[in-house]
Amino acid sequence: GAGVSQSPRYKVAKRGQDVALRCDPISGHVSLFWYQQALGQGPEFLTYFQNEAQLDKSGLPSDRFFAERPEGSVSTLKIQRTQQEDSAVYLCASSLSGTVINQPQHFGDGTRLSIL
Amino acid sequence: KNQVEQSPQSLIILEGKNCTLQCNYTVSPFSNLRWYKQDTGRGPVSLTIMTFSENTKSNGRYTATLDADTKQSSLHITASQLSDSASYICVVRVGKTSYDKVIFGPGTSLSVIP
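Protein chains in written order, with my numbering: chain U, 1 to 116; chain A, 1001 to 1114.
Hints in this document: simulated from the structure, not taken from any laboratory. Model, not experiment: these values are computed from the prediction. There could be a bad hint or two in this list.
As the list claims (entries may be wrong) - Now the in silico label distances, taken between C-beta atoms and shown as ranges:
id, chain 1, residue 1, chain 2, residue 2, range
1, A, 1042, U, 15, 48 to 54 Å
2, A, 1022, U, 97, 28 to 34 Å
3, U, 38, A, 1008, 18 to 24 Å
4, A, 1068, U, 7, 38 to 44 Å
5, U, 78, A, 1079, 42 to 48 Å
6, A, 1008, U, 72, 39 to 45 Å
7, A, 1010, U, 72, 38 to 44 Å
8, A, 1010, U, 68, 34 to 40 Å
9, U, 57, A, 1081, 36 to 42 Å
10, U, 5, A, 1060, 24 to 30 Å
11, U, 78, A, 1067, 28 to 34 Å
12, U, 72, A, 1081, 36 to 42 Å
13, U, 96, A, 1029, 20 to 26 Å
14, A, 1022, U, 80, 36 to 42 Å
From the three backbone atoms N, C-alpha and C, an ideal C-beta is built for every residue, glycine too.
Based on the sequences and whatever the hints tell you, model everything.
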């Protein structure tokens, strides 16, 4: 498909386990964003990539969260030693160029993470 | 603090009726304002993008307005359909940033019933 693809769609993990969430952006999109969305709330910014460079990681809630985009396309969000408060939907979005003012972000359908 | 607020939190309307959703923001500097539709279990989808100089923008049965002086926006849905049931999220881009830094509102949950 031509959209942003995220996998897995659902992930259940026990507290303390590590998890890895994958995002395949739209081909050719320079900008990639990760967001965390709690139930009934709007998405909250986690981190931003321009190609392979992570230019803003100010939204990552702790050093247990790590994101990478080594070749400037696919990105992985890793959460180490998961805790119950990490339970949320994790959304990935991409856009052709983050510097052009009026381009929308295109979102994937998210990964719903549940920590038991 | 940059914030985006939306009202009402939730809304139930009959199929065929119109409705208006509200958004207030305190984001500064301001670049643009977007409305997204998010179906349950799906990612948000862009409906409109409005810049400082635009007062009104339409996309089918959706019409967005922007008053940059009062920092308010509205999304009007005409002749609602069952498929309009979703969360509608107001999103504001922060100006003078090197990338597309945006602030999301909490969303308005709309239910259209037959």
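Evaluation of the provided hints:
Taking the beta carbon of each, residue 1042/A and residue 15/U are about 28 Å apart, not inside 48 to 54 Å as hinted. The given range of 28 to 34 Å is respected by residue 1022/A and residue 97/U, whose C-beta atoms sit roughly 31 Å from each other. Separated by about 19 Å at the C-beta atoms, residue 38/U and residue 1008/A satisfy the suggested range of 18 to 24 Å. Distance hint check: the CB atoms of residue 1068/A and residue 7/U are about 40 Å apart, consistent with the given range 38 to 44 Å.
At roughly 46 Å, the beta-carbon separation of residue 78/U and residue 1079/A lies within the given 42 to 48 Å, and the hint holds. Remark: the range hint 39 to 45 Å for residue 1008/A to residue 72/U is upheld by a beta-carbon distance near 42 Å. Remark: the range hint 38 to 44 Å for residue 1010/A to residue 72/U is upheld by a beta-carbon distance near 40 Å. Taking the beta carbon of each, residue 1010/A and residue 68/U are about 38 Å apart, inside 34 to 40 Å as hinted.
The hinted range of 36 to 42 Å is satisfied by residue 57/U and residue 1081/A, whose Cβ atoms lie roughly 41 Å apart. Checked against the given bound of 24 to 30 Å, the beta carbons of residue 5/U and residue 1060/A, roughly 27 Å apart, stay inside it. Checked against the given bound of 28 to 34 Å, the beta carbons of residue 78/U and residue 1067/A, roughly 43 Å apart, lie outside it. The supplied range of 36 to 42 Å is met by residue 72/U and residue 1081/A, whose beta-carbon atoms lie about 40 Å from each other.
Look at residue 96/U against residue 1029/A: about 23 Å separates their beta carbons, and that is inside 20 to 26 Å. Taking 36 to 42 Å as the suggested C-beta distance range, the pair residue 1022/A and residue 80/U conforms, at roughly 41 Å.
When the structure is compared with the earlier hints, violations turn up for hints 1 and 11 and for no others.
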